[in-house]
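Each chain, letter by letter, is given below.
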Amino acid sequence: MNPYGITLTLIVFYLFSELHSRKRAFYTNPVLLSIATIAAFLWLGGFSYESYMESAVILKFLLGPAVVSLAVPVYKELDTIRVYWKETTVGITVGGTVAILSAFYTAEVLGGSHDVLMSIAPKSVTTAIAIGISEKIGGIPALTAVLVILTGILGNAVGSELLNVFRVRDRVAKGLAMGVTSHGLGTARILLEDELAGGVSGLAMALNGVFTAIVLPYLVKVL
Amino acid sequence: MNAYRGLAIIFGFYALGELVSSAFALSIPGSVLGMLFLLGALVMGLIRLEWVENEAELFVRNMSVMFVPPGVGIVLYVGLLKSQVVPVSLALLVSFLVTLVTTAKVVEVLRRGRK
Numbered sequence: 739m740n741p742y743g744i745t746l747t748l749i750v751f752y753l754f755s756e757l758h759s760r761k762r763a764f765y766t767n768p769v770l771l772s773i774a775t776i777a778a779f780l781w782l783g784g785f786s787y788e789s790y791m792e793s794a795v796i797l798k799f800l801l802g803p804a805v806v807s808l809a810v811p812v813y814k815e816l817d818t819i820r821v822y823w824k825e826t827t828v829g830i831t832v833g834g835t836v837a838i839l840s841a842f843y844t845a846e847v848l849g850g851s852h853d854v855l856m857s858i859a860p861k862s863v864t865t866a867i868a869i870g871i872s873e874k875i876g877g878i879p880a881l882t883a884v885l886v887i888l889t890g891i892l893g894n895a896v897g898s899e900l901l902n903v904f905r906v907r908d909r910v911a912k913g914l915a916m917g918v919t920s921h922g923l924g925t926a927r928i929l930l931e932d933e934l935a936g937g938v939s940g941l942a943m944a945l946n947g948v949f950t951a952i953v954l955p956y957l958v959k960v961l
Numbered sequence: 024m025n026a027y028r029g030l031a032i033i034f035g036f037y038a039l040g041e042l043v044s045s046a047f048a049l050s051i052p053g054s055v056l057g058m059l060f061l062l063g064a065l066v067m068g069l070i071r072l073e074w075v076e077n078e079a080e081l082f083v084r085n086m087s088v089m090f091v092p093p094g095v096g097i098v099l100y101v102g103l104l105k106s107q108v109v110p111v112s113l114a115l116l117v118s119f120l121v122t123l124v125t126t127a128k129v130v131e132v133l134r135r136g137r138k
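Protein chains in written order, with the numbering used here: chain A, 739 to 961; chain B, 24 to 138.
Just chain A, same shape as in the assembly (with noise of 0.2 Å):
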């Protein structure tokens, strides 16, 4: 195995988190920065990717278990779930099957691709997840990540303002619509808003990820 993949990624994304920390702004971004520069450093050098793939892999296969270390943040806000739980149920059942439909249908409309319909339904969850559900689904894992976090980056950029401008003003109401439609960048953004929105909003990214991972793969059967 080649140390390369792996040192490339650590480097590039060490650089842009630390750039990200001087300047918070949504187009510092490390993730998505961190994919153009290594995509653009192979395409120009003649690299292949599965000799980048050969050790970067480990950081891949670490998503397994992060997922599954969600249970932690998911079971820490166990009584916001109780107190909330009206709000989260119907919040996520709508939301969560709104982002799946309205991304796969102006798709198909569009003249989507089937590959490109499976990868985009499931943009709306938490990166990991999204990427686990397009494996499963048909879809390009690849892509799906980059929709992923293009959509988180939508939310945390002008999600806020968007809410402004349609007058939504419950605390609650703001939190669930970031975090089902803008998973971990949306949560990130209400939660310097407003500590109760964050909160909430890290819930329904967690809990908009297991129903999507639950629903998608039988609703695409359908669809």
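Any given hint could turn out to be false.
[Claimed, not checked] Here's a subset of chain B near chain A, in silico, CB distances under 10 Å, partners left out:
#, residue
1, Asn25
2, Phe36
3, Leu56
4, Gly57
5, Val66
6, Glu78
7, Leu81
8, Ser87
9, Gly94
10, Ser118
11, Leu123
12, Val132
13, Leu133
Derived by calculation from the structure, the hints in this document are not laboratory data. All C-beta atoms in this analysis are idealised placements derived from N, C-alpha and C, irrespective of residue type, glycine included.
Following the hints, complete the assembly by docking chain B onto the known chain A.
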């Protein structure tokens, strides 16, 4: 030393999730099943929070770097993306807007009804 216990629990639940997913040919990813099993074990008191808390938080906090290698795979699909750029980008924008506003409005109406 305790880190090994936490890691063993997390990897163990991941293994269990994968096992169940493949044994029953389920469409749900094994990692998501493992998460649900661990959550259930925490709720039932079979696993104590302090056994896994630090290790789980280490994974969750550092998850972002793990998205990079799968994302770089996009280099294999440059041709496909070029031909699908319109459906992909419009679906992304439309779905983002519709999901955000619908979810917020539905929950807001629900909350008003309760007061």
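Tested hints:
{"no.": "1", "hint": "Asn25", "result": "violated (15 Å)"}
{"no.": "2", "hint": "Phe36", "result": "holds (5 Å)"}
{"no.": "3", "hint": "Leu56", "result": "holds (9 Å)"}
{"no.": "4", "hint": "Gly57", "result": "holds (4 Å)"}
{"no.": "5", "hint": "Val66", "result": "holds (7 Å)"}
{"no.": "6", "hint": "Glu78", "result": "holds (7 Å)"}
{"no.": "7", "hint": "Leu81", "result": "holds (8 Å)"}
{"no.": "8", "hint": "Ser87", "result": "holds (5 Å)"}
{"no.": "9", "hint": "Gly94", "result": "holds (4 Å)"}
{"no.": "10", "hint": "Ser118", "result": "holds (4 Å)"}
{"no.": "11", "hint": "Leu123", "result": "holds (4 Å)"}
{"no.": "12", "hint": "Val132", "result": "holds (9 Å)"}
{"no.": "13", "hint": "Leu133", "result": "holds (6 Å)"}
The earlier numbered hint that this structure contradicts is number 1, and it is the only one.
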